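Participant: Take a look at the letters that make up each chain.
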Amino acid sequence: MSAVVAEGLRKVYDVRDADGRRRPFAAVAGASFTVERGGSLGIVGESGSGKTTLARMLAGLEPPSGGRLEVCGRERTGVSPGASERRRRARELQIVFQDPYTSLNPRHTVATCLDEVLRVHLDDPSRERRAERVLELLAQVGLDERHARSRPRALSGGQRQRVAIARALAASPEVIVLDEAVSALDVSIQAQILDLLDEIRARTKTTYLFISHDLGVVRQVTDELIVMRGGEIVERGATAAVLDAPRHPYTQLLRRSVPGPGWRPRRRSAERAAATNERGDHGWDA
Amino acid sequence: MSEPLLEVRDLSMTIGGRRRRRTILRDVSLRLDAGRTLGLVGESGSGKSMTARSILRLLPAGARTEGTVRFDGASLPDLSPAQLRRVRAHEIAMVFQDPRAHVNPVRTIGDFLTEALVLNDGVAAAEARDRARAGLADVGLSEPDRRLDQHPHELSGGMLQRVMIAAALLARPRLLLADEPTTALDVTTQSEVMAIVDELRRELGTAMLFITHDLELAAAVCDELAVMYAGEIVERAPAAQLVSSPRHPYTAALLAARPSVERRRARMATVGGRPIAAYEAGSGCSFAPRCPHAEERCRTAQALRPLGTAEVRCCRAEELETAAAERGEEAVR
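Chains as they are written, first to last, in UniProt numbering: chain Z, 1 to 286; chain U, 1 to 333.
Next comes chain Z alone, as it looks inside the complex:
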């Protein structure tokens, strides 16, 4: 069964142009994709490509302007779900944000932060069972009892992001959307979190939608890949295939821009013109 099905998902905002006239602007201009249960789909693109808007629509934080979204076989496009429906949706899909400094309540201990979720989502929400589950969740992300009593400010960035992942896992979701969830971390911590995400997926068959601008990270944790530019999907395929032999000029440009052995930075005015499509220069500067 497919965990997530998106068909022609669109998000159009009203923006003012340089002359102050209102005009519609499509942040996401019709995205269609399917992720199988236990799969991992990477969504890459530059700032302004629409990848975060797409993540927010998937998480129900932004109502789509059009198209269809199905999570765990159930339609998501209906407006204003009731309390029980919201609870059900939370068990289907959770999101982890980029910045673990602003996504955790600074006044709550780590245990309280997880307990809040467990109260709502645990089948047996007794105090004992919740306390037990808090420690299980923390153990899953490599933290312990000591961390459970800490407040976010006492934790490092890597530890906070582990807490954010544990909180997402607390609802035992089928799908986790990770929006640049490892981008702000130091590389040695990032490596640990990437391993952790791999282990969790292998063990729980959780489905990932992994939004990132980092092609190396995406190669490590995803099976399938979508490349977005200016609100549109310009290339898709198996992650390894897309990164080894990119077909779209924009993907080729992205791939060439990654520093590595023998790499030299290049001015690319000519390349840029070739990769720019009729949507104009949105998402590009100059």
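It is worth saying that the hints were derived from the structure and are not from the lab.
Remember, it's a predicted structure, so these values are computed and weren't measured experimentally.
No residue lacks a Cβ here, since even glycine has one placed at the ideal position from N, Cα and C.
Just so you know, not all the hints are guaranteed correct.
Residues from chain U shown here face chain Z by an in silico Cβ test under 8 Å; the list is partial [to be verified]: (1) Ala195; (2) Val221; (3) Leu254; (4) Ser260; (5) Val261; (6) Gly272.
In silico SDA-like links for lysine to any residue, alpha-carbon gap of 20 Å or less [unchecked claim]: (7) Z:Lys205 with Z:Arg88; (8) Z:Lys205 with U:Arg267; (9) Z:Lys205 with Z:Ala238; (10) Z:Lys205 with Z:Glu92; (11) Z:Lys205 with U:Ala266; (12) Z:Lys205 with Z:Gly73.
Listed next, with one range per pair, are the computed distances between beta-carbon atoms [said to hold, decoys possible]: (13) Z:Gly237 with U:Arg21: 51 to 57 Å; (14) U:Arg305 with Z:Ala245: 41 to 47 Å; (15) U:Ala89 with Z:Arg203: 58 to 64 Å; (16) U:Ala61 with Z:Pro106: 49 to 55 Å; (17) Z:Arg88 with U:Gly157: 36 to 42 Å; (18) Z:Ala131 with U:Gly273: 25 to 31 Å; (19) U:Arg64 with Z:Ser150: 27 to 33 Å; (20) U:Gly273 with Z:Gly262: 29 to 35 Å; (21) U:Gly62 with Z:Gly30: 52 to 58 Å; (22) U:Thr68 with Z:Ala131: 56 to 62 Å.
Dock chain U against chain Z, hints included.
Facilitator: Same frame as chain Z, but now just chain U:
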């Protein structure tokens, strides 16, 4: 050996009040010759930004430094405020990670670019504007004339960072301190901005101290690299060599931790724990608690010592290298 353009020797720094002083830098030494580039690489809290800032004496309140910083033979900590201003205006320029935090949002780009020329060099307003326009064209901004009358909020992050680079290079400085100048930019914009910096720097013969967390980016644009951990330099080597055969276990761990766009690894992490700050380090090797190769003698203080063309702060560097060679691998990776 000729006199280096920049020489930092045994630079140490502490911050905080009388009761609780915290070490930020420990015995940092580096040298940079005219027109060359040195990359200073490390994770957050390693002290790389503070090293650059202490060169220009852009220090946090309550900071105390020891050691020498010589630029072109002059000791920077001993300069008078007026002399220091002159060095900042003409000799050493700095570009920061977040351009928006370093530009006045209510002044135009033109004001920003011409202010220093008019005030410091007494350049006539019209000529300053011409030079600013040329500077914007150099960094590849379209319609430089229109940009001069725009405000920072009208420009994207990549465009604004190019403006900062243009501003830094307008005074034709002899040294550019670039502190994560492309970290906030998209990867394609990063490539472009680095190419621009590299090209203009070579034209002007400006030396660069490039601060970054990205080893591979640093290796691509620098002659030499120095890796920092917990406020000290743990390895220094020619750029290509440092990346292909790291001598310090931390350098090797940093390289291994970066996911590759070319292949997927079975496992990423080679070290546990988190990077520590200088004030958390004990008396022995600061990386020892996380190091897979640590043994008893790593608990004693380690000196930065020469090893071939590199310098390394690890007492086991030679044997680890031999062991790796016997396994037919690169260094300690």
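Participant: Against each hint, give a clear statement of whether it holds in the structure.
Facilitator: These are the hints, each one checked on the structure:
{"no.": "1", "hint": "Ala195", "in the structure": "4 Å, holds"}
{"no.": "2", "hint": "Val221", "in the structure": "6 Å, holds"}
{"no.": "3", "hint": "Leu254", "in the structure": "6 Å, holds"}
{"no.": "4", "hint": "Ser260", "in the structure": "6 Å, holds"}
{"no.": "5", "hint": "Val261", "in the structure": "4 Å, holds"}
{"no.": "6", "hint": "Gly272", "in the structure": "7 Å, holds"}
{"no.": "7", "hint": "Z:Lys205 with Z:Arg88", "in the structure": "19 Å, holds"}
{"no.": "8", "hint": "Z:Lys205 with U:Arg267", "in the structure": "18 Å, holds"}
{"no.": "9", "hint": "Z:Lys205 with Z:Ala238", "in the structure": "19 Å, holds"}
{"no.": "10", "hint": "Z:Lys205 with Z:Glu92", "in the structure": "13 Å, holds"}
{"no.": "11", "hint": "Z:Lys205 with U:Ala266", "in the structure": "18 Å, holds"}
{"no.": "12", "hint": "Z:Lys205 with Z:Gly73", "in the structure": "16 Å, holds"}
{"no.": "13", "hint": "Z:Gly237 with U:Arg21: 51 to 57 Å", "in the structure": "56 Å, holds"}
{"no.": "14", "hint": "U:Arg305 with Z:Ala245: 41 to 47 Å", "in the structure": "46 Å, holds"}
{"no.": "15", "hint": "U:Ala89 with Z:Arg203: 58 to 64 Å", "in the structure": "59 Å, holds"}
{"no.": "16", "hint": "U:Ala61 with Z:Pro106: 49 to 55 Å", "in the structure": "25 Å, violated"}
{"no.": "17", "hint": "Z:Arg88 with U:Gly157: 36 to 42 Å", "in the structure": "40 Å, holds"}
{"no.": "18", "hint": "Z:Ala131 with U:Gly273: 25 to 31 Å", "in the structure": "27 Å, holds"}
{"no.": "19", "hint": "U:Arg64 with Z:Ser150: 27 to 33 Å", "in the structure": "31 Å, holds"}
{"no.": "20", "hint": "U:Gly273 with Z:Gly262: 29 to 35 Å", "in the structure": "32 Å, holds"}
{"no.": "21", "hint": "U:Gly62 with Z:Gly30: 52 to 58 Å", "in the structure": "56 Å, holds"}
{"no.": "22", "hint": "U:Thr68 with Z:Ala131: 56 to 62 Å", "in the structure": "57 Å, holds"}
Going down the numbered hints, you'll see the structure goes against just number 16.
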